[in-house]
Amino acid sequence: MTILVTGATGRIGSSVVDHLAGAGASVRALTRSPDTARFPAGVEAVRGDLTDIDALRAALVGIDTLFLLVANVPDELTQAITALNLARDAGVRGIVYLSVYRGEAYVDAPHFTGKHAVERMIAALDLPATVLRPAYFMQNDLAQKDPLLGAGLYGSPIGGRGISMVDARDIAEAAARELLRRDRSPAPLPAETYELVGPDALTGPMIAAVWAEVLGRDVRYGGDDLDGLEGRLRAFAPAWLAYDLRVMMRRYQEDGASASAAEVARFAALLGRSPRRYRDFAAEAAQSWRGA
Numbered sequence: 001m002t003i004l005v006t007g008a009t010g011r012i013g014s015s016v017v018d019h020l021a022g023a024g025a026s027v028r029a030l031t032r033s034p035d036t037a038r039f040p041a042g043v044e045a046v047r048g049d050l051t052d053i054d055a056l057r058a059a060l061v062g063i064d065t066l067f068l069l070v071a072n073v074p075d076e077l078t079q080a081i082t083a084l085n086l087a088r089d090a091g092v093r094g095i096v097y098l099s100v101y102r103g104e105a106y107v108d109a110p111h112f113t114g115k116h117a118v119e120r121m122i123a124a125l126d127l128p129a130t131v132l133r134p135a136y137f138m139q140n141d142l143a144q145k146d147p148l149l150g151a152g153l154y155g156s157p158i159g160g161r162g163i164s165m166v167d168a169r170d171i172a173e174a175a176a177r178e179l180l181r182r183d184r185s186p187a188p189l190p191a192e193t194y195e196l197v198g199p200d201a202l203t204g205p206m207i208a209a210v211w212a213e214v215l216g217r218d219v220r221y222g223g224d225d226l227d228g229l230e231g232r233l234r235a236f237a238p239a240w241l242a243y244d245l246r247v248m249m250r251r252y253q254e255d256g257a258s259a260s261a262a263e264v265a266r267f268a269a270l271l272g273r274s275p276r277r278y279r280d281f282a283a284e285a286a287q288s289w290r291g292a
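For the sequence shown, full-length UniProt numbering assigns the number 1 to the initial residue and increments by one for each residue that follows.
These are computed hints drawn from the structure, not numbers from a lab.
Keep in mind that the hints are not guaranteed to be accurate.
Claimed, not checked - Distance windows between CB atoms, simulated:
#, residue 1, residue 2, range
1, ARG120, SER185, 19 to 27 Å
2, THR2, GLU254, 42 to 50 Å
3, GLY291, ALA23, 50 to 58 Å
4, PRO205, MET1, 46 to 54 Å
5, ARG47, ALA269, 31 to 39 Å
6, GLU44, GLY152, 44 to 52 Å
Note that CB positions come from ideal geometry on N, CA and C, so glycine has one too.
Produce the complete structure using the sequences and hints provided.
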């Protein structure tokens, strides 16, 4: 039995590959550059991406289980729906799909609504899938290094409602656990959905206080300036993506994304331990920055 991993060279996908290989699974990794990609020994690297129908069809031959991770791109919905159709055609009997937390609620955020549409397909066709809904990644805040160390500023405008951020390492581990469970099952398993959320709902000022503690210096929250966020993002990202993320942050400010105790407990049961806390992530980052 072989597991196909898409997005295999990214932050989440590469960690999923490592987990699966470490568990002795047969893994095939889809990548645009199989000649230069670095995977653990025994992992089969195949050329292709989710826009190349022929390559994806070939990559799905002999696959029992699929990890579907689709990047935030303009045609994300088309790529995801096409991949699921091809997986169904190929007889794949287990799927783990990486969606997003609160996708059904943030209807004005393009990548949230796109992922929720994929979930609707999975449900309508009763596909044998686990849907994972991660909250905002803690690791996104590594981009705050320069303002934190320079001006003593936490600049991500997440607002004052609270977000239950999740560690990307926990996402990858949860995905690998579900992939292995489905791959090793003698028969297709029923659908499952998990919210992948951290144990703490943190506001912008609360996160600034965490960084002040772990860095040993004054840190202030930069406020809820969405115009400034969009402008900074457009310096290195396309305009459509900068606006998409602006809308996401606006919804965080208006509604928050705080997990319930039941959601945290269910995620902990999947991991077999408590999800990592934001303070622990920040402390690790601060230590690595000091050693850099």
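Hints and how they fare:
1. ARG120 <-> SER185: 19 to 27 Å: 25 Å, holds
2. THR2 <-> GLU254: 42 to 50 Å: Hint holds: Cβ distance 44 Å, inside 42 to 50 Å.
3. GLY291 <-> ALA23: 50 to 58 Å: Given range 50 to 58 Å: violated, Cβ gap about 31 Å.
4. PRO205 <-> MET1: 46 to 54 Å: 49 Å, holds
5. ARG47 <-> ALA269: 31 to 39 Å: 38 Å, holds
6. GLU44 <-> GLY152: 44 to 52 Å: Given a distance of about 48 Å, which is inside 44 to 52 Å, the answer is holds.
When held up to the earlier numbered hints, the structure conflicts with hint 3 and nothing else.
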